[in-house]
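Visitor: Starting from the given sequences, assemble the full structure and let the hints guide the process.
These are the residues of each chain, in order.
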Amino acid sequence: MVNDSGQLYTIEGIAAALIMLFTAYLVLSATSVYTPGDTHISDMQLEQLGTDALRMMNTPVDNSTSKSPLQDLLYYNGFEGQFNGTGFNTIFLNYVNNVTGSEIDNAPNGLHYMATVTYYDIANKTTGTLPLYANRNLTGGEHPVRVTEWVIVNKTFPGGGGGTDGKLRAVLVEVLLWRD
Amino acid sequence: MAGLNDDAQWIVLMGFVVSFSLFFLAMLLNQSTLVGQTTAEGVLDFPKNDIRDVKDVMIASSQYSSDPSKFAIIQEDITALALSRKGAVVTYTIISASPTDPHTHISIHYNNGVTEYNEYWTSL
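Residue numbers (the working numbering), protein chains in the order written: chain A, 1 to 180; chain B, 1 to 124.
To be clear, the hints were calculated from the coordinates, so they are not data collected in a lab.
A quick note: this is a predicted structure, and the numbers were derived from the prediction, not measured.
Glycine included, each C-beta is placed from N, C-alpha and C at the ideal position.
Please note that the accuracy of each hint is not assured.
[Claimed, not checked] Each computed DSSO-like pair below joins lysine-lysine, with the alpha-carbon atoms no more than 30 Å apart:
{"hint": "1", "chain 1": "B", "residue 1": "K86", "chain 2": "B", "residue 2": "K70"}
{"hint": "2", "chain 1": "A", "residue 1": "K125", "chain 2": "B", "residue 2": "K70"}
{"hint": "3", "chain 1": "A", "residue 1": "K125", "chain 2": "A", "residue 2": "K67"}
{"hint": "4", "chain 1": "A", "residue 1": "K167", "chain 2": "A", "residue 2": "K67"}
{"hint": "5", "chain 1": "B", "residue 1": "K48", "chain 2": "A", "residue 2": "K67"}
{"hint": "6", "chain 1": "B", "residue 1": "K55", "chain 2": "B", "residue 2": "K86"}
{"hint": "7", "chain 1": "A", "residue 1": "K67", "chain 2": "B", "residue 2": "K86"}
{"hint": "8", "chain 1": "B", "residue 1": "K70", "chain 2": "A", "residue 2": "K167"}
{"hint": "9", "chain 1": "B", "residue 1": "K86", "chain 2": "A", "residue 2": "K167"}
{"hint": "10", "chain 1": "B", "residue 1": "K86", "chain 2": "A", "residue 2": "K125"}
{"hint": "11", "chain 1": "B", "residue 1": "K48", "chain 2": "B", "residue 2": "K86"}
{"hint": "12", "chain 1": "A", "residue 1": "K125", "chain 2": "A", "residue 2": "K167"}
{"hint": "13", "chain 1": "B", "residue 1": "K70", "chain 2": "B", "residue 2": "K48"}
{"hint": "14", "chain 1": "B", "residue 1": "K70", "chain 2": "B", "residue 2": "K55"}
{"hint": "15", "chain 1": "A", "residue 1": "K67", "chain 2": "B", "residue 2": "K55"}
{"hint": "16", "chain 1": "B", "residue 1": "K55", "chain 2": "A", "residue 2": "K125"}
{"hint": "17", "chain 1": "A", "residue 1": "K167", "chain 2": "B", "residue 2": "K55"}
{"hint": "18", "chain 1": "A", "residue 1": "K67", "chain 2": "B", "residue 2": "K70"}
{"hint": "19", "chain 1": "A", "residue 1": "K125", "chain 2": "B", "residue 2": "K48"}
[Said to hold, decoys possible] Stretches of chain A that chain B covers, calculated by requiring three or more beta carbons in the stretch to come under 8 Å of a beta carbon on chain B:
{"hint": "20", "stretch": "75-83"}
{"hint": "21", "stretch": "87-98"}
{"hint": "22", "stretch": "140-149"}
Guide: In structure tokens, the structure reads:
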């Protein structure tokens with residue numbers, strides 16, 4: 001006959017072991033608490049990505065031209081209030097989604113954006129905003145970052161002023177960029 | 001205290017130790033949610049890209065500074081847009097290249113209320 005007087009101790013030992021394992025699990029998982037500082041790290045990364053893409057677009061491709069692709073897209077044959085939005089979409093998505101060893105298609109990284117052009121309305125002394133392109137509508141639930149690029153473009157903008165007689169204007173391209 | 005049963009003193013003491021350490025751990029966990037808050041805010045608040053962009057467009061506009069009527073419009077655009085869209089006071093003056101001095105000089109001023117930045121830029 002086996003002596004069974006230690007059963008309660010055995011159960012207590014097993015319970016203690018489980019409690020210790022659970023404690024170790026709690027301690028290890030506590031180091032991955034998602035703090036507010038961590039959310040800003042991805043924001044900073046996204047902001048830098050968008051800024052770099054716009055900056056690349058606003059650089060002339062070679063020394064045969066003095067106009068950057070972004071200046072050409074905004075100029076768009078000089079049509080007032082219109083820009084080459086689809087051309088912007090192609091180049092911008094190409095830049096922000098360009099990753100090693102992957103086919104470039106429509107936003108494989110889940111990056112979405114809404115781009116606008118802000119100009120100074122000389123006649124009314126206000127700023128106006130025109131849509132450039134958006135590959136996804138902003139619904140309000142997103143958490144976008146804003147990236148901007150200054151562009152000098154030879155174009156007429158609403159409100160007239162200097163642009164009407166072919167004079168140069170400085171406008172601000174603003175892009176709301178988010179990941180989902 | 002003669003005759004008082006004091007067998008459980010160790011158990012009571014350990015109970016106190018455990019409860020205080022749990023309290024201490026809860027405080028640590030509570031504080032950890034704020035880790036990096038001020039650091040991230042500081043990095044995000046500093047307008048690094050804004051200053052770079054506005055400096056670039058000022059340098060780009062300097063090639064038109066020989067034509068005052070063109071240049072005044074660009075300068076007005078930059079000042080007005082920086083104030084309304086970036087919340088920053090931006091002013092700059094350009095000293096164009098001349099026969100005696102082949103360099104272009106730009107005096108850059110940027111102030112968004114938190115960060116003030118001044119630079120005197122000289123072309124190569």
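Visitor: All hints, please: hold or fail.
Guide: Hints, verified against the model:
1. B:K86 x B:K70: holds (23 Å)
2. A:K125 x B:K70: Cα-Cα ~18 Å, so holds.
3. A:K125 x A:K67: holds (28 Å)
4. A:K167 x A:K67: Roughly 15 Å separates the two Cα atoms, so the pair holds.
5. B:K48 x A:K67: Holds. K48 of chain B to K67 of chain A sits at ~25 Å (cutoff 30 Å).
6. B:K55 x B:K86: Roughly 14 Å separates the two Cα atoms, so the pair holds.
7. A:K67 x B:K86: Status holds; Cα separation ~25 Å.
8. B:K70 x A:K167: Measuring from Cα to Cα gives roughly 6 Å; hence the hint holds.
9. B:K86 x A:K167: Answer holds: K86 of chain B to K167 of chain A is near 24 Å, not above 30 Å.
10. B:K86 x A:K125: holds (17 Å)
11. B:K48 x B:K86: At roughly 12 Å apart (the allowed maximum being 30 Å), K86 of chain B and K48 of chain B satisfy the hint.
12. A:K125 x A:K167: holds (18 Å)
13. B:K70 x B:K48: holds (28 Å)
14. B:K70 x B:K55: holds (19 Å)
15. A:K67 x B:K55: Answer holds: K67 of chain A to K55 of chain B is near 18 Å, not above 30 Å.
16. B:K55 x A:K125: holds (24 Å)
17. A:K167 x B:K55: Holds, because 21 Å separates the two Cα atoms, which is no more than 30 Å.
18. A:K67 x B:K70: holds (17 Å)
19. A:K125 x B:K48: The hint holds at about 28 Å.
20. 75-83: Three-residue rule not met by the stretch 75-83 of chain A, so violated; n is 0.
21. 87-98: violated (count 0)
22. 140-149: This one holds; 3 residues, not fewer than the three required, reach chain B with a Cβ under 8 Å.
When held up to the earlier numbered hints, the structure conflicts with 20, 21 and fits the remainder.
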